[in-house]
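K.L.:
Okay, here's what each chain looks like letter by letter:
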Amino acid sequence: MKDKRVAAYTAGLALALLLTAASFLVARGSLLWAPGVPAGLAVLALAQMGVHLVFFLNMSTGPDNTNNVLALAFGVLIAALVVAGTLWIMAHLNANMAPSRTLMEMGR
Amino acid sequence: MSAQPASLDGPASVQLTVAYGFWIFLLSDIIMFSALFAAYAVLVGQTAGGPGGRELFDLHTVAVETLCLLVSSYTCGLGLVASEDRVPARFYGFFALTFALGATFLVLEISEFARLIGASAGPSRSAFLSAFFALVGLHGVHIAAGLLWLCFLVAQFAVKGPQAFLRRRLGCFALFWHALDIVWVGLLSLVYLMGSR
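Line by line, the protein sequences give chains A and B. Numbered as in the numbering used here, the first sequence ends at 108 without a single skipped number. Numbered as in the numbering used here, the second sequence ends at 305 without a single skipped number.
A hint or two may mislead.
To give a feel for the contact side, a few chain B residues facing chain A, derived at Cβ under 7 angstroms [claimed, not checked]:
#, residue
1, W131
2, L135
3, A143
Negatives, chain B to chain A, calculated, CB over 12 angstroms [claimed, not checked]:
#, residue
4, S181
5, Y182
6, F221
7, L283
Derived DEER-like restraints, expressed as beta-carbon distance ranges [claimed, not checked]:
#, chain 1, residue 1, chain 2, residue 2, range
8, A, A7, B, G157, 49 to 57 angstroms
9, A, L46, B, L116, 33 to 41 angstroms
10, B, G158, A, S60, 13 to 21 angstroms
11, B, A156, A, A11, 43 to 51 angstroms
12, B, F133, A, A80, 18 to 26 angstroms
13, A, N94, B, G118, 52 to 60 angstroms
14, B, R223, A, A11, 32 to 40 angstroms
15, A, N94, B, Y200, 22 to 30 angstroms
16, A, A91, B, L256, 37 to 45 angstroms
Quick caveat, the hints were computed from the structure, so don't treat them as lab data. In this text, a Cβ means the ideal position worked out from N, Cα and C, and glycines have one as well.
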């Protein structure tokens, strides 16, 4: 069955398996310089999400898809704000908490 | 596509508007996941003297779970194609495979949770484990709901045949199933692969 839709799914599966295997390799082995591993994993994860969007969810630049892509962009913006904002605020809260913790240790 | 602007084409097809509405729901779902991802990222170091990810996670199980989800996404896509082509045999075959792989994933995940709770590393042990169970558990609940939904859709297909409304619903299910895979990619990278280093 040579079908365009089936070919897209097969290509997506092959790419997703490849990227997943690469993620495991990066996390396990000494393929990357150790401090670069989180960045490598993030890049591989983003690439795989892109593969899923294009090959499985059939995102495209076609006119039927404009609204879907705009909604996706807005969703990504909100998700990024939630994650980055939380991390930023909580890191600063921790930093502001530091003096009182030192005081507690001094009081021991 | 006609040469005139899309705004002059008249109302969009039901197929398009249903998929768009469901896509908006999926994005709101992903935003909910992002809040739990953020909570996990903040709490990942707060183990309260208990075990961390390196001691707890078993990457072999996680690899099998990942394989299950990826292949089930693939068979789900092929099942959708079969329903569009109105080939019932392939439709049933591919969606049975999708269900079996999803169920395998769920069994593996539940046994992993049972193993952790048995090793007194349950959600009440530390903030890290609370965040872990909330985040991974929510994904598991989505998978379970998806399996239930799939059963209903296949039963409807068996009774009513390949009708247009059923193919729209199957399309929504496929979107849901693929979106859960995207969430799993985030879980795999942030929780398991980063956590077991």
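K.L.:
Each hint needs a verdict: does it hold in this structure or not?
P.N.:
Each hint tested on the structure:
no.	hint	in the structure
1	W131	5 angstroms, holds
2	L135	3 angstroms, holds
3	A143	6 angstroms, holds
4	S181	6 angstroms, violated
5	Y182	4 angstroms, violated
6	F221	22 angstroms, holds
7	L283	6 angstroms, violated
8	A:A7 <-> B:G157: 49 to 57 angstroms	53 angstroms, holds
9	A:L46 <-> B:L116: 33 to 41 angstroms	37 angstroms, holds
10	B:G158 <-> A:S60: 13 to 21 angstroms	47 angstroms, violated
11	B:A156 <-> A:A11: 43 to 51 angstroms	46 angstroms, holds
12	B:F133 <-> A:A80: 18 to 26 angstroms	20 angstroms, holds
13	A:N94 <-> B:G118: 52 to 60 angstroms	56 angstroms, holds
14	B:R223 <-> A:A11: 32 to 40 angstroms	36 angstroms, holds
15	A:N94 <-> B:Y200: 22 to 30 angstroms	54 angstroms, violated
16	A:A91 <-> B:L256: 37 to 45 angstroms	40 angstroms, holds
Hints 4, 5, 7, 10, 15 from the list above are not met by this structure, while the remaining hints are.
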